[in-house]
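Protein chains: 2
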Amino acid sequence: MPFEEAVVAHPFDPGYVTEPFLTLCAEYPEADVYPASQFRTEWGPIFHRGRLDGSARVLVIGQDPAQHETVVRRILVGEAGRRVQGLLAKLGITRNYVFVNAYLYSVYGSVRAKTRRNLALVAYRNRWFDALLVGTQVEAVLALGTAADEAWHMWTATPNGQATRLAYAAVTHPTQPESSSQNNKTKLAAATTKLLRNWNAALQTLAPAIAHPDQPTAFVPYGETWGEGERPPIPAFDYPAGLPAWMHEQDGWARRSGSDVLAKRRNLTVTVPKGIVS
Amino acid sequence: MPFEEAVVAHPFDPGYVTEPFLTLCAEYPEADVYPASQFRTEWGPIFHRGRLDGSARVLVIGQDPAQHETVVRRILVGEAGRRVQGLLAKLGITRNYVFVNAYLYSVYGSVRAKTRRNLALVAYRNRWFDALLVGTQVEAVLALGTAADEAWHMWTATPNGQATRLAYAAVTHPTQPESSSQNNKTKLAAATTKLLRNWNAALQTLAPAIAHPDQPTAFVPYGETWGEGERPPIPAFDYPAGLPAWMHEQDGWARRSGSDVLAKRRNLTVTVPKGIVS
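If you read the protein sequences in the order shown, they are chains A and B. Just add 1 to the spot in the first sequence (first one is 1) and you have the numbering used here. Just add 1 to the spot in the second sequence (first one is 1) and you have the numbering used here.
One should not assume that every hint holds.
Which copy is meant is left open, because identical chains are indistinguishable; a pair holds if it fits in one copy or across any two.
Within a straight-line C-alpha distance of at most 30 angstroms, the following computed BS3-like cross-link-like pairs (lysine-lysine) qualify [stated by the list, open to error]:
id: 1; residue 1: K115; residue 2: K275
id: 2; residue 1: K115; residue 2: K186
id: 3; residue 1: K265; residue 2: K275
id: 4; residue 1: K195; residue 2: K265
No wet-lab data here; the hints were simulated from the structure.
One chain only, chain A, in its complex shape:
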């Protein structure tokens, strides 16, 4: 790695610079595989976040990119990403991780079973898993939500997947408490507690497999709700060059804007957070 956070003012992720990633990012499934009625293909595919240079020790499988990801062109950079960042930190993994999603494009509405099983969709995703898992130093895999879990099992059914043995845990999706509780605070608190218990169980599965943590860490389980430091910012070194600090230090700066469904699909507004511009 040419960059170390301590010595570089603005570390960044150089992105897709070697094979097979150069080819994977130049030849990707489009609307014939990801129907525009089920995915926001109009914003282009968003591929990954984290290390592609072979240094990753943990692979995280997410679901699909949302509005912040569309701007940053890296996945899991919003609130869900922060929560996972905190989970990885509990495993001592603060840099050597890599994230890919089950889907290249943001889900619009819901995904049909036929689409989920589309051979071209699955085959392309499996090429990423092959690239990240076959003969690499990844020690554990974490799936966020059911689409990610399904993606993992589709890969483990392939010859490459069958030949690979890795610690694995599937957890509740990091923002499931919000999406399931519909602004009801009592429900949200209960769903959060349930999620954190689920995550504690996953940590116990994965921790023994992490033989090479970035920062050896005494295991501290989650409590009943999110604790201090358990939703850390996304590191600058995961972002493309030149993006402003507020894009990784803060959340909530991108929204789909407009007065009707079509406008909201076509518009994305980025707002510099308060206090940056006077």
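Using the hints, position chain B against chain A.
Structure of chain B alone, referenced to chain A:
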């Protein structure tokens, strides 16, 4: 080059992958050098467009990035960029070019003389010129507008600049006709004709220096107004991975939005062009 447009579905620019560009993009001047009262530093620096692998034959110096550039994170990707793309094509240069700006950030209002001459601002920009021009195969330099021309002369006054001899032309900025004519069609037509004459003169200066065009081209001067094919789209291979095609095929999809000056400074809205989403 690993990518050729003919064989790759979605060629892209891998960006900042070797020195000195890795360091230049990690350590750049910020608001202490570019005052926030004169520049939109809140959106982060935007560095370049084009070839950084030594294959560039022409260096284009622009002025500053605007809203489309802020989204794409490459410079001169809007209307000004298309016009220059057309000028380069008349020189037979369709791929082996590189663009940098006089300023890393979008100008807000106007730039004070003291800022323009700030030693840190000039020194950083000169490091880019050194990287792109000292011992490289660049054959000609084109400056767009007065800030770019001044930037060039500040570099040619340095020891590295003094030791380098390159064909050079400074031209009227590509969108000067619009900015000078304030929606008056007669004035716009006259200013466009004047600009194109100015550009024809520059082509005559630069053409003899282009010993290695990408596509040898019979010289066709501009007419009285923009002709067919003289504002071509920006090539996909200049954009980061995964950006949708409409971002390089079209213009006018990004705007500063909001009802007052501060809101317009803080908000950027991207709108998928009509016809992409039904």
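Hints, one by one, checked against the model:
no.: 1; hint: K115 / K275; in the structure: between (44 angstroms within a copy, 29 angstroms between copies)
no.: 2; hint: K115 / K186; in the structure: neither (36 angstroms within a copy, 55 angstroms between copies)
no.: 3; hint: K265 / K275; in the structure: both (23 angstroms within a copy, 13 angstroms between copies)
no.: 4; hint: K195 / K265; in the structure: neither (33 angstroms within a copy, 42 angstroms between copies)
Checked against the numbered hints listed earlier, the structure breaks hints 2 and 4; every other hint is satisfied.
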